[in-house]
Each structure stands twice: as C-alpha cells, then as structure tokens.
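Asks: In order, the protein sequences belong to chains A and B. The working numbering numbers the first residue of the first sequence as 6 and each following residue consecutively. The working numbering numbers the first residue of the second sequence as 6 and each following residue consecutively.
Treat the hints as calculated values from the structure; they're not laboratory data. Any given hint could be a false lead.
The list cannot tell twin chains apart, which means a pair is met if one copy fits it or any two copies do.
Here are the simulated lysine-lysine pairs, DSS-like style, with alpha carbons at most 30 Å apart [claimed, not checked]:
1) Lys188 to Lys204
2) Lys143 to Lys204
3) Lys143 to Lys188
4) Lys72 to Lys188
5) Lys188 to Lys141
There are 2 protein chains.
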Amino acid sequence: MPSRPRSQAQDPDEAARAARAEWRSRQLLDAAARLMERDGFHGVSMQALAEEASVSVGLIYRYFGGKDDLLLAVIVDVLEAFATRVPSAVEEAGNDPVERIAAAFRAYCDVIDEHRHAAVLTYRESRTLGSEGRNKIKSMEIDTSEPLRAAIRDGASSGLLIAVDTELVAHDLLLMAHGWALKHWYLEQTLRFDDYVTKQTALVLNAIVEPQHRPHYRHLLATH
Amino acid sequence: MPSRPRSQAQDPDEAARAARAEWRSRQLLDAAARLMERDGFHGVSMQALAEEASVSVGLIYRYFGGKDDLLLAVIVDVLEAFATRVPSAVEEAGNDPVERIAAAFRAYCDVIDEHRHAAVLTYRESRTLGSEGRNKIKSMEIDTSEPLRAAIRDGASSGLLIAVDTELVAHDLLLMAHGWALKHWYLEQTLRFDDYVTKQTALVLNAIVEPQHRPHYRHLLATH
DNA sequence: ATCATAAGTGAATATGGATTCATCGCAAGT
DNA sequence: ACTTGCGATGAATCCATATTCACTTATGAT
Numbered sequence: 006m007p008s009r010p011r012s013q014a015q016d017p018d019e020a021a022r023a024a025r026a027e028w029r030s031r032q033l034l035d036a037a038a039r040l041m042e043r044d045g046f047h048g049v050s051m052q053a054l055a056e057e058a059s060v061s062v063g064l065i066y067r068y069f070g071g072k073d074d075l076l077l078a079v080i081v082d083v084l085e086a087f088a089t090r091v092p093s094a095v096e097e098a099g100n101d102p103v104e105r106i107a108a109a110f111r112a113y114c115d116v117i118d119e120h121r122h123a124a125v126l127t128y129r130e131s132r133t134l135g136s137e138g139r140n141k142i143k144s145m146e147i148d149t150s151e152p153l154r155a156a157i158r159d160g161a162s163s164g165l166l167i168a169v170d171t172e173l174v175a176h177d178l179l180l181m182a183h184g185w186a187l188k189h190w191y192l193e194q195t196l197r198f199d200d201y202v203t204k205q206t207a208l209v210l211n212a213i214v215e216p217q218h219r220p221h222y223r224h225l226l227a228t229h
Numbered sequence: 006m007p008s009r010p011r012s013q014a015q016d017p018d019e020a021a022r023a024a025r026a027e028w029r030s031r032q033l034l035d036a037a038a039r040l041m042e043r044d045g046f047h048g049v050s051m052q053a054l055a056e057e058a059s060v061s062v063g064l065i066y067r068y069f070g071g072k073d074d075l076l077l078a079v080i081v082d083v084l085e086a087f088a089t090r091v092p093s094a095v096e097e098a099g100n101d102p103v104e105r106i107a108a109a110f111r112a113y114c115d116v117i118d119e120h121r122h123a124a125v126l127t128y129r130e131s132r133t134l135g136s137e138g139r140n141k142i143k144s145m146e147i148d149t150s151e152p153l154r155a156a157i158r159d160g161a162s163s164g165l166l167i168a169v170d171t172e173l174v175a176h177d178l179l180l181m182a183h184g185w186a187l188k189h190w191y192l193e194q195t196l197r198f199d200d201y202v203t204k205q206t207a208l209v210l211n212a213i214v215e216p217q218h219r220p221h222y223r224h225l226l227a228t229h
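Using the sequences plus the hints, can you model the full thing?
Replies: If you want it as structure tokens, here you go:
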C-alpha cells in the first residue's frame, strides 16, 4: 500500500467520481444543445451556458476543453446514439431487407426526435468546427449509415426492390429523418412524430419495392 | 431648375448610379456567400469580406446596414430567385399536374445549384438572424413553395396521384432540392447534378403517381 | 480536529473583430 | 483653376466574451 495512500477506498471512489463526472457532462451537454439550438453556437456565451446548467463558467473547462470541444461533444453524442441504436433496431427487425430498411429509418427518426436540439447542430454548426472535428463527424455519419445502405443493397440484390441507386436512397432516408428536426417548427403544425415516420416510410417503400411484392408489405405501405 | 442643380443629367445620372450600386451589391453578395459557406457567418470577418470583394471595410456599410443585414440580403437573394424562377417554370410545363411537379422540382434544384453557396446559409445561419429576419425567411419559403403545393393538390384531386399528404410531399421535394446543396460534398462523388435531379424526380413520382397513369409518364419515371 | 485532495467559483484578462468617422481622390460643372 | 459632392478608404474605437487562475468550499481519510 505504500504507493496508494487511500488504497481501500480506491475502487468505489473511482466509480463514484466517474458517476459524478458523467452526470455533470450530461448536464452540460443537454444545456448546450438546448441553448445552441435556440440561439446558435455563437449566440450562446459561456456565461449563459453556465447559468443554464447551474454551474460556474470555470467548471465547464474542467469537463470540456473549451467551447468548441463542447460543441463537438454534443454532436458526437447524437452520432453515438445512432451508432448504438440503429444496428440493434435493424437486427431486431429480422432478415427481411425491406423490414430492415423500415426499422433503420424508424430508429434514425427516434434518435433524432429524442435529440432534436442536438441533431440540427450537425447541419448548422459544422463549419464552426475545425477540419479535424468536421472529418470526425463526416466519417461517423458515413459509418452509422452503413447498416441502412447494407439493407438497401440486400433488398436490391434479392429482387425485392426495383433497381435503385443505393447511395441516393440512403441519402434520401437520412435527409428525411433529419428533416423532422430541421423543419420541426413547420411540420409539427400538421403531423405527430409517429405519423411522420409512418408516412415517410410508406412513401419511400412505395417508390422502391417491386410491385409484385407490395401486398406482402401492406403493413408498411399503408399510412393509417 | 432652381431645386435641381444637375437637372439635365438627372435621369441618365440616376441610372448610372443605380447600375453601379447594383454591381457593387452583387459583388458583395457573391463574396459573402462564397466566404460564409466555407467558414460560416461568424468565421468571416468584415476585413476578410472586404478583401474578397476587393473593397474597403467602410464601403460595405454604404451598401448594407451591417454584417447581419448582409447575411439577410444573401439569403433573400436566393429566395427571390425561387420566387421568380419556379412559377415561370411551372407555367412553361403546361397544364399537366405531374409535369408541373417535375418542373417545379427541377427549377428549385437549378436555383439551388446556381446559388449553392448561399442556399446552405438558409439552413445554417437562420439562428443568426433576429426574429424579424427569421420570420421574413419563413414566410418567403412558404410563399415560394406554394406553386409546388398547388400542383400536388391538383394532381391528387384529378386522380393522377394516389392519396398523398400534400404538405409532406412538398416538404420532401424541397428537402431533396436543398439536399443537393447540403450534402454536395458527398453526393458529387457519385452523381452529376442532372442525374441527381432526374433520379430524385423518378423516385418521388414513382411513389405518388397512380399505377395506371405511369406509362404515360415514362419519360419522367425512367432514370436514364 | 486536522489535513489533503478534488470540486467548484467568478472576477480579471486578453483578444478578435464589428462599427465608426475623419479624410482622400476624383469626376463633372463653372 | 477651382470647387462641389460622392464614392471610397482604413486606422482608431469600443465592446463582447472566451479563457484563465487565485481562491473557496466540500469530502473523507487519519
């Protein structure tokens, strides 16, 4: 024990510390996402951020390298949610490529709806980050969308889908998922979240599923 | 002539002045769009702006109220292009609602491709503007998309389209048009502008045109 | 009770950059 | 030649705010 004075408390201590740090990070991440969505990254001062999160300015620098780092962390947080939630949703959907596409899309939309404030920042503040952060985001975006692309490819090669441009369809689905966050102010006038997902799914699948297989996917193609 | 010393030169003078002012505005608007797309509104200093446009800092304030005003002007410039180009494109497409939808979409995409730098600012920098500017943009966006919504409504009521949510389809088409600018860095790896428009048109129409009418729109539904 | 360490604070600093304005050059009229 | 006025300039001003750091408070071990 010579090297570790507080030896016996070591392990639980570390755990407690980590838990506290985690809690603080969340607190700051959430406050940042909320404020930055409303006023934009540059419209939010560290002072305002500190108040929103009920901490002092100085403390923010204990948990994040600075304002830029915080922004990057907020964005990465959403992308990590995609990375964990989308693949598992696709798995649970079974082996049918069409079902997988629908599940991936819904999972995307779910994450975006839950992180609505943060999701828009991916688009709005990308130029704020240095090229390092930008590249990280780009590659995460491409990685997390791979399950979706795979499902589309499978669907095409198994003859369930008409000949489609995989990249383009994937891009469209991602765009539609993000669209819920981007145009939320407008869409929520007419649509509930669930209707949005259902209708968009139906629209896209209607466009790409081979006509003879459509009856089999009635449950995905109907909009109510 | 007592009230107007330079009477005889009045008219031509005014014209020349207006022309010069117009030229300067364009010069500044273009420089601003270019720089702001690359570095974001807050990443561009008035100094840098002045250099890019080859004028002095002070001069910018002769033509625009300030940095915010300039941003608003850049955005309004794109929206005005929509307002003039989309309706005329729709007119030229004739009376068929499906043709009109396709024409409107293409016109949107054309304008966005031409103003690619400025188009993204609509999304990225909206929070930078005060609520006044934001509202102006929102209402212009809604106004300029009315021709598209009208065409979709006509298509639905004339039985050419399956039952669709007009608002949602319009929203999707707009999103896809903007998508070209938003994800240009990624899309251009695989697609030319014209392929993008053609394929997206086909995709959407494939989803919403009544099956029995599809043969009639082969030229819009084929992707090559 | 005492001490060590970590967590947290916020006033002071330093900097970047938007805006202003005193001044200049120049074209056209006299 | 000279003067009038407009287009143009850019150094000086001024302010917002990101970041730092000397200090205080809380925790818990001895």
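Asks: Against this structure, judge whether each hint is valid.
Replies: Hint by hint, here is what the structure shows:
When the C-alpha separation of Lys188 and Lys204 is checked against a cutoff of 30 Å, the pair qualifies both within a copy, at 16 Å, and between copies, at 24 Å. Within a single copy, Lys143 and Lys204 get their C-alpha atoms as close as 28 Å, and across copies as close as 24 Å, so both meet the 30 Å cut-off. Taking the shortest Cα distances, Lys143 and Lys188 sit within 30 Å of each other both inside one copy (22 Å) and across copies (11 Å). For the homomeric pair Lys72 and Lys188, the shortest alpha-carbon distances inside one copy (26 Å) and between copies (26 Å) are both at most 30 Å.
For the homomeric pair Lys188 and Lys141, the shortest alpha-carbon distances inside one copy (25 Å) and between copies (16 Å) are both at most 30 Å.
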